[in-house]
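With the hints as your guide, set chain C onto chain S.
Chains S and C are the protein sequences, given in the same order. Numbered according to my numbering, the first sequence spans residues 1 to 470. Numbered according to my numbering, the second sequence spans residues 1 to 470.
Because the hints were derived from the structure by calculation, they are not lab data. You may find that some hints are simply not true.
[Said to hold, decoys possible] Cut-off 27 Å, straight-line C-alpha distance, at most; resulting in silico cross-link-like pairs (DSSO-like, lysine-lysine):
{"no.": "1", "chain 1": "S", "residue 1": "Lys-268", "chain 2": "S", "residue 2": "Lys-369"}
{"no.": "2", "chain 1": "C", "residue 1": "Lys-78", "chain 2": "S", "residue 2": "Lys-242"}
{"no.": "3", "chain 1": "S", "residue 1": "Lys-78", "chain 2": "C", "residue 2": "Lys-242"}
{"no.": "4", "chain 1": "C", "residue 1": "Lys-164", "chain 2": "S", "residue 2": "Lys-434"}
{"no.": "5", "chain 1": "C", "residue 1": "Lys-338", "chain 2": "S", "residue 2": "Lys-164"}
{"no.": "6", "chain 1": "C", "residue 1": "Lys-338", "chain 2": "S", "residue 2": "Lys-115"}
{"no.": "7", "chain 1": "C", "residue 1": "Lys-115", "chain 2": "S", "residue 2": "Lys-115"}
{"no.": "8", "chain 1": "S", "residue 1": "Lys-140", "chain 2": "S", "residue 2": "Lys-151"}
{"no.": "9", "chain 1": "C", "residue 1": "Lys-242", "chain 2": "C", "residue 2": "Lys-78"}
{"no.": "10", "chain 1": "S", "residue 1": "Lys-115", "chain 2": "C", "residue 2": "Lys-242"}
{"no.": "11", "chain 1": "S", "residue 1": "Lys-242", "chain 2": "C", "residue 2": "Lys-51"}
{"no.": "12", "chain 1": "C", "residue 1": "Lys-115", "chain 2": "S", "residue 2": "Lys-98"}
{"no.": "13", "chain 1": "C", "residue 1": "Lys-98", "chain 2": "C", "residue 2": "Lys-338"}
{"no.": "14", "chain 1": "C", "residue 1": "Lys-115", "chain 2": "S", "residue 2": "Lys-78"}
{"no.": "15", "chain 1": "S", "residue 1": "Lys-51", "chain 2": "C", "residue 2": "Lys-115"}
{"no.": "16", "chain 1": "S", "residue 1": "Lys-78", "chain 2": "S", "residue 2": "Lys-307"}
{"no.": "17", "chain 1": "C", "residue 1": "Lys-98", "chain 2": "S", "residue 2": "Lys-51"}
{"no.": "18", "chain 1": "C", "residue 1": "Lys-88", "chain 2": "C", "residue 2": "Lys-271"}
{"no.": "19", "chain 1": "C", "residue 1": "Lys-88", "chain 2": "C", "residue 2": "Lys-242"}
{"no.": "20", "chain 1": "S", "residue 1": "Lys-338", "chain 2": "S", "residue 2": "Lys-88"}
{"no.": "21", "chain 1": "C", "residue 1": "Lys-374", "chain 2": "C", "residue 2": "Lys-115"}
{"no.": "22", "chain 1": "S", "residue 1": "Lys-115", "chain 2": "C", "residue 2": "Lys-78"}
There are 2 protein chains.
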Amino acid sequence: MRRATLAFALSLALAAPAYAAQHAQTTIADTAIARATALRDEALQSDLGWKITESLTTEVGPRLAGSEADARAVEWAKAKFKQLGFDKVYTEPVTFPKWERRSESGAVLGEHAQKLYLAALGGSPGGTVEGEVVRFDGLKALMDAPADSLKGKIAFVDFTMEAKRSGEDYGIGSRVRFMGPSEAGKRGAIGYVMRSAGTDSHRVPHTGGTMFMPGVNPIPSAALSIPDAEQLTRLTALGPTKIRVALDCGFDGTYTSQNVIGEITGTKKPKDVIVIGGHLDSWDLGTGAIDDGVGVGISMAAAALIKPLKPARTIRVVAFANEEAGLYGGRAYAEAHKGEVKQNVLVSESDLGAGHIYGFDAHVADYAKGAASKIAAVLAPLGIEYQPGKGEPESDVGPIAAKGAAWAWLGHDATQYFDLHHTADDTMDKIDPKDLQQNVAAYATYTYLAAEAQGDFGSDPANAHEEHEF
Amino acid sequence: MRRATLAFALSLALAAPAYAAQHAQTTIADTAIARATALRDEALQSDLGWKITESLTTEVGPRLAGSEADARAVEWAKAKFKQLGFDKVYTEPVTFPKWERRSESGAVLGEHAQKLYLAALGGSPGGTVEGEVVRFDGLKALMDAPADSLKGKIAFVDFTMEAKRSGEDYGIGSRVRFMGPSEAGKRGAIGYVMRSAGTDSHRVPHTGGTMFMPGVNPIPSAALSIPDAEQLTRLTALGPTKIRVALDCGFDGTYTSQNVIGEITGTKKPKDVIVIGGHLDSWDLGTGAIDDGVGVGISMAAAALIKPLKPARTIRVVAFANEEAGLYGGRAYAEAHKGEVKQNVLVSESDLGAGHIYGFDAHVADYAKGAASKIAAVLAPLGIEYQPGKGEPESDVGPIAAKGAAWAWLGHDATQYFDLHHTADDTMDKIDPKDLQQNVAAYATYTYLAAEAQGDFGSDPANAHEEHEF
Numbered sequence: 001m002r003r004a005t006l007a008f009a010l011s012l013a014l015a016a017p018a019y020a021a022q023h024a025q026t027t028i029a030d031t032a033i034a035r036a037t038a039l040r041d042e043a044l045q046s047d048l049g050w051k052i053t054e055s056l057t058t059e060v061g062p063r064l065a066g067s068e069a070d071a072r073a074v075e076w077a078k079a080k081f082k083q084l085g086f087d088k089v090y091t092e093p094v095t096f097p098k099w100e101r102r103s104e105s106g107a108v109l110g111e112h113a114q115k116l117y118l119a120a121l122g123g124s125p126g127g128t129v130e131g132e133v134v135r136f137d138g139l140k141a142l143m144d145a146p147a148d149s150l151k152g153k154i155a156f157v158d159f160t161m162e163a164k165r166s167g168e169d170y171g172i173g174s175r176v177r178f179m180g181p182s183e184a185g186k187r188g189a190i191g192y193v194m195r196s197a198g199t200d201s202h203r204v205p206h207t208g209g210t211m212f213m214p215g216v217n218p219i220p221s222a223a224l225s226i227p228d229a230e231q232l233t234r235l236t237a238l239g240p241t242k243i244r245v246a247l248d249c250g251f252d253g254t255y256t257s258q259n260v261i262g263e264i265t266g267t268k269k270p271k272d273v274i275v276i277g278g279h280l281d282s283w284d285l286g287t288g289a290i291d292d293g294v295g296v297g298i299s300m301a302a303a304a305l306i307k308p309l310k311p312a313r314t315i316r317v318v319a320f321a322n323e324e325a326g327l328y329g330g331r332a333y334a335e336a337h338k339g340e341v342k343q344n345v346l347v348s349e350s351d352l353g354a355g356h357i358y359g360f361d362a363h364v365a366d367y368a369k370g371a372a373s374k375i376a377a378v379l380a381p382l383g384i385e386y387q388p389g390k391g392e393p394e395s396d397v398g399p400i401a402a403k404g405a406a407w408a409w410l411g412h413d414a415t416q417y418f419d420l421h422h423t424a425d426d427t428m429d430k431i432d433p434k435d436l437q438q439n440v441a442a443y444a445t446y447t448y449l450a451a452e453a454q455g456d457f458g459s460d461p462a463n464a465h466e467e468h469e470f
Numbered sequence: 001m002r003r004a005t006l007a008f009a010l011s012l013a014l015a016a017p018a019y020a021a022q023h024a025q026t027t028i029a030d031t032a033i034a035r036a037t038a039l040r041d042e043a044l045q046s047d048l049g050w051k052i053t054e055s056l057t058t059e060v061g062p063r064l065a066g067s068e069a070d071a072r073a074v075e076w077a078k079a080k081f082k083q084l085g086f087d088k089v090y091t092e093p094v095t096f097p098k099w100e101r102r103s104e105s106g107a108v109l110g111e112h113a114q115k116l117y118l119a120a121l122g123g124s125p126g127g128t129v130e131g132e133v134v135r136f137d138g139l140k141a142l143m144d145a146p147a148d149s150l151k152g153k154i155a156f157v158d159f160t161m162e163a164k165r166s167g168e169d170y171g172i173g174s175r176v177r178f179m180g181p182s183e184a185g186k187r188g189a190i191g192y193v194m195r196s197a198g199t200d201s202h203r204v205p206h207t208g209g210t211m212f213m214p215g216v217n218p219i220p221s222a223a224l225s226i227p228d229a230e231q232l233t234r235l236t237a238l239g240p241t242k243i244r245v246a247l248d249c250g251f252d253g254t255y256t257s258q259n260v261i262g263e264i265t266g267t268k269k270p271k272d273v274i275v276i277g278g279h280l281d282s283w284d285l286g287t288g289a290i291d292d293g294v295g296v297g298i299s300m301a302a303a304a305l306i307k308p309l310k311p312a313r314t315i316r317v318v319a320f321a322n323e324e325a326g327l328y329g330g331r332a333y334a335e336a337h338k339g340e341v342k343q344n345v346l347v348s349e350s351d352l353g354a355g356h357i358y359g360f361d362a363h364v365a366d367y368a369k370g371a372a373s374k375i376a377a378v379l380a381p382l383g384i385e386y387q388p389g390k391g392e393p394e395s396d397v398g399p400i401a402a403k404g405a406a407w408a409w410l411g412h413d414a415t416q417y418f419d420l421h422h423t424a425d426d427t428m429d430k431i432d433p434k435d436l437q438q439n440v441a442a443y444a445t446y447t448y449l450a451a452e453a454q455g456d457f458g459s460d461p462a463n464a465h466e467e468h469e470f
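The following block holds chain S by itself, in its conformation from the complex:
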């Protein structure tokens, strides 16, 4: 998960889609409800989601977009779809600039000399810089700094981010990560460090993508682990503090990866698809278990569990390429399928970990709200509350939703997500098997009912809107 999209959700809530006033109500038959209920209870006992996620994170491990492991992950996904009995397995190309991390180190220099644990931000140039640290308490303080005030200095942006179920404080941290390097560079800084966008207290920095505004000279930019950020705050309070940031990383040409797609072909409406998925790439520090191996595991498992029920519509599971460096897989999917917005009947992605799913929302036409509410009723025994208007399309389905596809949201409890997100600690042991079973049960139930609904959910290119970030 890369983006912070709460404002996006807000903007959608304000811009109500222009659905036709008189339209047959979308319904779900009682037989489908009964089958979904049995499926839900069966999925709660299944370890398929665990096994798929364990296989990906163990056998492939970390899979930075464009790395040799990216290609291994694509082969893994194709083989896994086939092994799980998907009817159709294919790929669609996704091309992007390739960024590599080779090595990185940091240190306090001088009388308090000590190592700093840091990680280059994705998109940072390489380079070794040494200079005095200027600490800012938040992004605004940096943006208030005068032009040229950071000449020869290394900017350090500190801030606070609280653990919350919604994960909403990630908006604070991701803004510091996306905007800080450019703002520092514009003011003459030779380097940039930030407190990690996280909520833990371990020596595991949180990487993540950044970018440089046009006309700004890119500067080496890194995230300090949270204890290191606190240490640097204490040290700068004692007096002038010099540090070294040494990053060997950078862009190296372009790379073409693949969105890997597996389908359970619909028995009645094969051209209508319910899209679920996760992203196949991960940052390179951990093994990408919660971000987002488990999204792939949840959606592959949900579809495989649905298959014996012979769903009316096609279930399309997309293992998206390169979400982390800029949503390339999601954008490529939207571009490749922009002529089929109506056939993308309902879309969703699981990209906020494996915490308990506590909320459900579907951004659908008024005539489909009764159907959404029927889905919510089958999800309710899983401890999932129907929260109309609360959700958002997660990462990679944002672009197709922006083209007018109706979307659903199954909201994971993200209280612990930002302890792990984009760190070396994002490993299999952090997933609770019981929560994962609940996640798979929720996705299987929701997806099957969406596939069985009589009538659509309002996907229509007429509902296209601009994509937002932040």
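Positioned in the frame of chain S, the structure of chain C alone reads:
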């Protein structure tokens, strides 16, 4: 904290010291009890222990014995004792072989290629080895392996270690660390990796000292972080697994550091000393907050709080050099003071973190047990239980206790200690300020009462016994 000494405590319980049968009872006057009670309650409000520990871990940071930070730590301790108003500040030399960590990396090779997070064990030679992993479920399994059965292989010892208040499972992990490399080397292994001796689930390996038995060819030896050990277990279950372990580290001559000693001179019996302390060195990965900056902070603060009460005996705070690589500071202290065992009236060290102190024990002559029980009564309102026979002399005071000094034990709750011990995560933020206040209150109370006791506690070279490890 380096050693696992439970068996040691057991052996002491069996070997009762030969005290004279008829001896005046050691007592503590009511006026001293009253002053100690007030001191205890004052210390509970003091942030002095926090400030000292924060100063050491921030301004010096990690302080591996023999590194440039070792010398800075010695200067820091001398200055801090003076700043706190100690009457006498001096040093005693401690010489040891210097071991350095320069860099280290690990990786799974082949079709599941991925990085492994590991740390060289202290005392390991450098070297880069590649080979197939042979996994052992515990040290015994390795020791059961036939001679030459590991030729050209890398041994991997896995095991389980549970978090317990006593920390006793560290005995399992530290045996794997001390004995594993030699046992692997004897069987022809070219390298050695182990699951970290810890109870956490973070990508922060636990370093710690190892040693090679005479006649065994030293092999590169490292600890994997716990998630990495679990990953390697999953990978070896899939099939033959090759890894690379690349360590740049090793011994480089000898180094002379210092035990730094500060004293509050006794007003009535200045030559009689109550010894408290912690060790000044730390491993290099973290900033040595719980191991053992806080031991130095607790004991310096306790003595400074006692000073206005003008204690009868001298309070001697020892910041021991190089505990981690082999108890060099503790042994040097015992050697330098072996002629003054009787004057080392009662000795203790705080070297098990900053968890709540839950137990008190004093290994003293029968005629002093009434006094020990009076001390226990003043400690009781701090939530400290008197546990005769339960304790042990912590690390650096082990050698002087082995020479016959009476010792006391103030037992920290170690449930979380081995989440952090010897890792990069051993940083200031892991200390609970309230627990630290309780620790300082306990040490101040105990130390003052020991200094005021009328009569001794039975320190006598006649009680000398062999030192044990494990």
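Now the hints, each set against the structure:
no.	hint	in the structure
1	S/Lys-268 <-> S/Lys-369	holds, 23 Å
2	C/Lys-78 <-> S/Lys-242	holds, 25 Å
3	S/Lys-78 <-> C/Lys-242	holds, 25 Å
4	C/Lys-164 <-> S/Lys-434	holds, 26 Å
5	C/Lys-338 <-> S/Lys-164	violated, 58 Å
6	C/Lys-338 <-> S/Lys-115	violated, 39 Å
7	C/Lys-115 <-> S/Lys-115	holds, 21 Å
8	S/Lys-140 <-> S/Lys-151	holds, 19 Å
9	C/Lys-242 <-> C/Lys-78	violated, 50 Å
10	S/Lys-115 <-> C/Lys-242	violated, 31 Å
11	S/Lys-242 <-> C/Lys-51	holds, 23 Å
12	C/Lys-115 <-> S/Lys-98	holds, 20 Å
13	C/Lys-98 <-> C/Lys-338	holds, 26 Å
14	C/Lys-115 <-> S/Lys-78	holds, 24 Å
15	S/Lys-51 <-> C/Lys-115	holds, 22 Å
16	S/Lys-78 <-> S/Lys-307	holds, 17 Å
17	C/Lys-98 <-> S/Lys-51	violated, 47 Å
18	C/Lys-88 <-> C/Lys-271	holds, 13 Å
19	C/Lys-88 <-> C/Lys-242	violated, 57 Å
20	S/Lys-338 <-> S/Lys-88	holds, 21 Å
21	C/Lys-374 <-> C/Lys-115	violated, 56 Å
22	S/Lys-115 <-> C/Lys-78	holds, 24 Å
In summary, the numbered hints that this structure violates are 5, 6, 9, 10, 17, 19, 21.
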